[in-house]
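*Asks:* Each chain, written out:
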Amino acid sequence: MRVAAERRFGDSALLVEPVEPASDRFLIDRARAGDERAFRELVERYEPRVAATVVGMLGAGDEAEDVGQETFIRLYRSLDRFRGDSSLGTYLTRIAINLSLTALKRRKRRTSRFVSRDERERELPETSVDPRGDLERKETALEVRAAVEALAPDHRAVVVLRMIDGLSTRETAEILGIPAGTVMSRLARAMDRLERALKEPNDE
Amino acid sequence: MNDRELLILYRDGELPEAQRARVEERLRTDSELRASLERLESVAAALGLGAATSFEPFFAARVVARLRQSRQVSPVEAMYESLRWMFARLAVACVVLILSLGVYSALGGGYTRSLVDAMLGLPEATLQTALTLGG
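Protein sequence lines correspond, in order, to chains A and B. For the first sequence, our numbering gives the first residue as 1, with consecutive numbering after it. For the second sequence, our numbering gives the first residue as 1001, with consecutive numbering after it.
Next up, chain A with everything else stripped away, as it sits in the complex:
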């Protein structure tokens, strides 16, 4: 959906080509009023950001897809309460990271009951998110995925938000509700572990 510019020539008004994408505010207002197309545009606009967060936390697959969908459904249900104190991207990232952490807790319970470590490792190839890349890139992506999955959920969240989503330390702290100092100490430890894991992946 784009905002069409109206230009007047004499007495006639002409609708010319769209000139700029609709603002988030505009789309939110339309979605609140029940405009499904506006909501869909919001989903398309923020899919990359939510995907980076959710897939970064959970790996690609059905679980990530489900959490991604749920993130937007939660957004829709809270549109009336969304006052715009934070940007929509930050708001969505907060929902996505919280749902992902909940999914990880569920997964841990499930995994400890039913799935062995070997089975988890066999799932790794499905988590590839770089199908167009060459074999080496794909292998590196898988090694990174395995290394990230070996991190504790709170460390993983910091790595995803700070290093994959590219948020600042302050934004990361705000989203996770922890002090900036804690973000940095968790990040430093996580990067240290990732560095060691990626250096010697076979030893992990």
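Hints in this document: simulated from the structure, not taken from any laboratory. None of the values given here were measured: they were computed from a predicted structure. Please note that the accuracy of each hint is not assured.
What the hints assert, rightly or not - Anything over 12 Å on all C-beta distances counts as not near chain B; from chain A, calculated:
id: 1; residue: E47
id: 2; residue: G61
id: 3; residue: T90
id: 4; residue: T102
id: 5; residue: G177
id: 6; residue: I178
id: 7; residue: R196
What the hints assert, rightly or not - Under the rule of at most 20 Å between Cα atoms (straight-line distance), these lysine to any residue pairs were calculated in the SDA-like manner:
id: 8; chain 1: A; residue 1: K199; chain 2: B; residue 2: A1035
id: 9; chain 1: A; residue 1: K108; chain 2: A; residue 2: G61
id: 10; chain 1: A; residue 1: K108; chain 2: A; residue 2: P153
id: 11; chain 1: A; residue 1: K138; chain 2: B; residue 2: T1053
id: 12; chain 1: A; residue 1: K138; chain 2: A; residue 2: P153
id: 13; chain 1: A; residue 1: K108; chain 2: A; residue 2: K138
id: 14; chain 1: A; residue 1: K199; chain 2: B; residue 2: T1053
id: 15; chain 1: A; residue 1: K138; chain 2: B; residue 2: E1041
Claimed, not checked - DEER-style ranges, computed between Cβ atoms:
id: 16; chain 1: A; residue 1: E20; chain 2: B; residue 2: G1013; range: 26 to 34 Å
id: 17; chain 1: A; residue 1: D35; chain 2: B; residue 2: M1086; range: 29 to 37 Å
id: 18; chain 1: B; residue 1: C1094; chain 2: A; residue 2: R106; range: 43 to 51 Å
id: 19; chain 1: A; residue 1: R106; chain 2: B; residue 2: L1099; range: 48 to 56 Å
For every residue, glycine included, the Cβ atom is placed at its ideal position computed from N, Cα and C.
Fit chain B to the known structure of chain A by using the hints.
*Replies:* Quick look at chain B alone, frame taken from chain A:
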């Protein structure tokens, strides 16, 4: 703040100018710190390789479909809501009926019996009537 934290902040441009200049000065002279920064860069680049930018195709369509589905009320939920509506009103009607009968009985039965007996419309119970019923 340890060197690792310092390098992360340096890499992401989050250090104040003076601190940044000090880190750059150290990087010029400290080969170990330089190597540490290079390792950090390589891990950051590797993380970038694994970053997803989308879900499976037609994600937005699936979200909208799920939203529509969640807005539709299932037959079981509809029946549950109907029964809840009906029983809530039935309960109110019963309370009103009981209270009305109670008031009617209390007003029609005089003041010789207790209020509870009167409200429930029970016959006056005396020792004599009790013996009669028992015997």
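*Asks:* Could you tell me which of the hints above the structure violates, numbers in ascending order?
*Replies:* Violated: hints 1, 2, 7, 12, 13 and 14.
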